[in-house]
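Trainee: Chain A is already provided as a structure; the job is to place chain B on it using the hints.
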Amino acid sequence: MQTFKKAWRRNAVAYMFLSPWLIGLLGLSLIPMVTSLYLSFTNYDMFTSPVWTGMENYTQMFEDSKYLASIKVTTIYVMLSVPLQLMFALGVALLLNRGLRGLKFYRAVYYVPSLFGGSVAVALLWRQLFGGEGLINRGLALFGIEGTNWISSPDTALYTLVILAVWQFGAPMVIFLAGLKQVPLELYEAARIDGAGKFKQFFKITLPMISPIVLFNLIMQIIHAFQAFTPAYIVSGGEGGPLDSTLFYTLYLYQKAFTHFDMGYAAAMAWILLIAIAIITAIIFGTSKKWVFYQE
Amino acid sequence: MKKLRALIFSLISVFLLVGVVGCSSGDSSKEASGDGKDEKVEIRFTWWGDTKRHELYNAIVDRFEEKYPNIKVKREFGGWPEYWEKLTTQIAGGNAPDVVSMHQFYVADYARRNALLELSDYVKENTINQGEFPESVVNSGKVDDKLYMIAQGVTMPGLVYNKKLFDELGVEYPKQGWTYDDFTAKVKELKSKGIWGVQDFSGGQLQPNFRYFARSNGQDLFTKEGKLGFKKETLVKWWTMWDELRKAEAIPDAATGTEYESAPLEQNLFVTGKTAIHQIPANQLYLYQQQFPDGELAMVTMPTVDGGEQGEYIEGAYLSITQKSKHPKEAALFINFFVNEEKALELFKVEQGSPGSTKMADFVKPLLEPAQTKAVEFIQSAVKNASPAPYSPAGVTELEAAFKDSASAISFGKMSVEEAADKFMKQAESILK
Chain A
1 MQTFKKAWRR
11 NAVAYMFLSP
21 WLIGLLGLSL
31 IPMVTSLYLS
41 FTNYDMFTSP
51 VWTGMENYTQ
61 MFEDSKYLAS
71 IKVTTIYVML
81 SVPLQLMFAL
91 GVALLLNRGL
101 RGLKFYRAVY
111 YVPSLFGGSV
121 AVALLWRQLF
131 GGEGLINRGL
141 ALFGIEGTNW
151 ISSPDTALYT
161 LVILAVWQFG
171 APMVIFLAGL
181 KQVPLELYEA
191 ARIDGAGKFK
201 QFFKITLPMI
211 SPIVLFNLIM
221 QIIHAFQAFT
231 PAYIVSGGEG
241 GPLDSTLFYT
251 LYLYQKAFTH
261 FDMGYAAAMA
271 WILLIAIAII
281 TAIIFGTSKK
291 WVFYQE
Chain B
1001 MKKLRALIFS
1011 LISVFLLVGV
1021 VGCSSGDSSK
1031 EASGDGKDEK
1041 VEIRFTWWGD
1051 TKRHELYNAI
1061 VDRFEEKYPN
1071 IKVKREFGGW
1081 PEYWEKLTTQ
1091 IAGGNAPDVV
1101 SMHQFYVADY
1111 ARRNALLELS
1121 DYVKENTINQ
1131 GEFPESVVNS
1141 GKVDDKLYMI
1151 AQGVTMPGLV
1161 YNKKLFDELG
1171 VEYPKQGWTY
1181 DDFTAKVKEL
1191 KSKGIWGVQD
1201 FSGGQLQPNF
1211 RYFARSNGQD
1221 LFTKEGKLGF
1231 KKETLVKWWT
1241 MWDELRKAEA
1251 IPDAATGTEY
1261 ESAPLEQNLF
1271 VTGKTAIHQI
1281 PANQLYLYQQ
1291 QFPDGELAMV
1301 TMPTVDGGEQ
1311 GEYIEGAYLS
1321 ITQKSKHPKE
1331 AALFINFFVN
1341 EEKALELFKV
1351 EQGSPGSTKM
1361 ADFVKPLLEP
1371 AQTKAVEFIQ
1381 SAVKNASPAP
1391 YSPAGVTELE
1401 AAFKDSASAI
1411 SFGKMSVEEA
1421 ADKFMKQAES
1431 ILK
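First to last, the sequence lines map onto chains A and B. Counting from 1, one number per residue, gives the positions in the first sequence under my numbering. Counting from 1001, one number per residue, gives the positions in the second sequence under my numbering.
Derived from the structure by calculation, the hints contain no laboratory data. Among the hints, erroneous ones may be present.
What the hints assert, rightly or not - Ranges of calculated distance between the beta carbons of each label pair, as one might list FRET restraints:
id: 1; chain 1: A; residue 1: LEU125; chain 2: B; residue 2: THR1051; range: 45 to 55 Å
id: 2; chain 1: B; residue 1: GLU1066; chain 2: A; residue 2: LEU37; range: 47 to 57 Å
id: 3; chain 1: A; residue 1: LYS72; chain 2: B; residue 2: ASP1422; range: 14 to 24 Å
Stated by the list, open to error - Heads up, simulated DSBU-like pairs for lysine-lysine below, C-alpha to C-alpha not over 35 Å straight-line:
id: 4; chain 1: A; residue 1: LYS72; chain 2: B; residue 2: LYS1433
id: 5; chain 1: B; residue 1: LYS1414; chain 2: A; residue 2: LYS66
id: 6; chain 1: A; residue 1: LYS66; chain 2: B; residue 2: LYS1124
Values in this document were obtained by computation on a predicted structure and should not be read as measured data. A virtual CB, placed ideally from N, CA and C, is assigned to each residue, including glycine.
The following block holds chain A by itself, in its conformation from the complex (with noise of 0.2 Å):
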């Protein structure tokens, strides 16, 4: 007791200008964070106060098929979006590291879409493009072929949403073009005079000396990807449609909390949220010890 009082009074000044901050992280984060968790064991419509229900909500999921519809969209976008977006970010990085000229100029250019890719602005564009008679249908008529309507279609709405994804490859490719800049050259000189081909260096150099920044590109694109909303939200006007093809985990809890009121089922859905990518990313880094590489 004498410590804790003598620690107290050492440190209250700055604990004093702490508190902006610390009012912040309480006020902001843990208390709501701690209400959500509590709320997720209730039945809570917003109006009334909550009603205690135990693990209900967790366990009525299992048997929504909309809920079980939203995890298969997520995971398919997941999947698809984070290894197409990080390739297609190497890629344009290993080119704009050549040695360009105008590679500042370039590198602003290529990071522009990620910029606004999260924005209201480009979902709408979004659905300008790939509507029934939207550029793309219209660059195809060109060749004579006939193309769907891709938005509205449940076949094809959620790989349109994709290929948004893919588009905005600007932050990762920036860590990515940081991390090429770091690779000791003299590597690539005895790699050539020991004759390996550029394939080879890429496998043998390049890759195991940016493993480190592979792994946190990848972690990031995958927290990102699994909490993206605004596109599907802006492209099937907040309803996950058709057919529930681009229901994000997100809309749908989104749904289940401001359309329908249930804000205990909500909140139970954003813990599973957390858990899942908590234990997404812990398997993660559990492998990574096999794939990467760091010097000393």
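Mentor: Showing chain B alone in chain A's frame:
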């Protein structure tokens, strides 16, 4: 000593920060009013609508503020779907506007959750005057025999078509009081002339489209007890009707329908000339007419089942006061101004329907454009057939979504009508438990 000074400094800095935050939401409600008589009061008013309505309502609110200089009205508005999402969140958060626009389809949900104020006291003391309101209109604002909302405008849905287009195609105009058989025949006839008859209404807008069909079959969406009010056979009939039209290509395919579903008025299938008939609330007739500079639009009643009942029930836009309003008296004054004063109605005309007060309905008549006059006539003749409709139970939005899901499963060919109807009935049971 030094430590103490540091402590004081840090405390001050915190208070400064808090002060900064506090200042940004300056408290104006305590300022004295210009004439020095009354305390200055601020109320908030929210509505749904498009850009034109926003301009109009802002102008009406300005006139209210002119008349009551001690009341300031803060305005909030948005499109129809966002409006309801925002309102729910605000009411749950305890910071809902004082005066809110309300609708029949949702009022019961809000009233029964104690989110709205009972208004009969304000009517009794005549702050809100309903003396000139027909009884049916007054009653349409009640839930469980308690008054929760005051009618701004009463409207009726109907089907609109362009006379000029029908003349050009050589198709006869639809007749008032037509049946669903006449309707499908007309849609197919239009198809044979090379235009889609109507957009696919099989799943969107449970109310009014399917509701009219159910009511004409002697049923309804809901029972008074809040259970599902129609039989599976009725639903199968409804979806079969649309499925046949779809298979005959007399209505747009599922993908095209989905694409245009949420299009704004200026870009929807009817206005862009892809379909020949469209369902609208009559008060929007003049908005549609503005999109057709040459060619006169006309409205026809919703169809009935051959030998069946009339589907009509009173619909419209209403004003309510929220339970937690700090200035209910001023809010009531505002509602009264909106529905009873010539200065307001002069601008409102029939924006959200024919005015609730018959006196005001007569007052606006000479001010109307031809399309608005036509809409009022349509509403007045349809209102005669109106009978009361049960209020929607809690969970109605979820039910709407399930209805639409099943309908699109049919239209995209993923389910048969029978399967989809089974699925919906099962879902409905668990939603309306």
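Trainee: Checked against the structure, which of the hints given earlier come out wrong?
Mentor: As far as the earlier hints go, 1 and 6 are violated by this structure, in ascending order.
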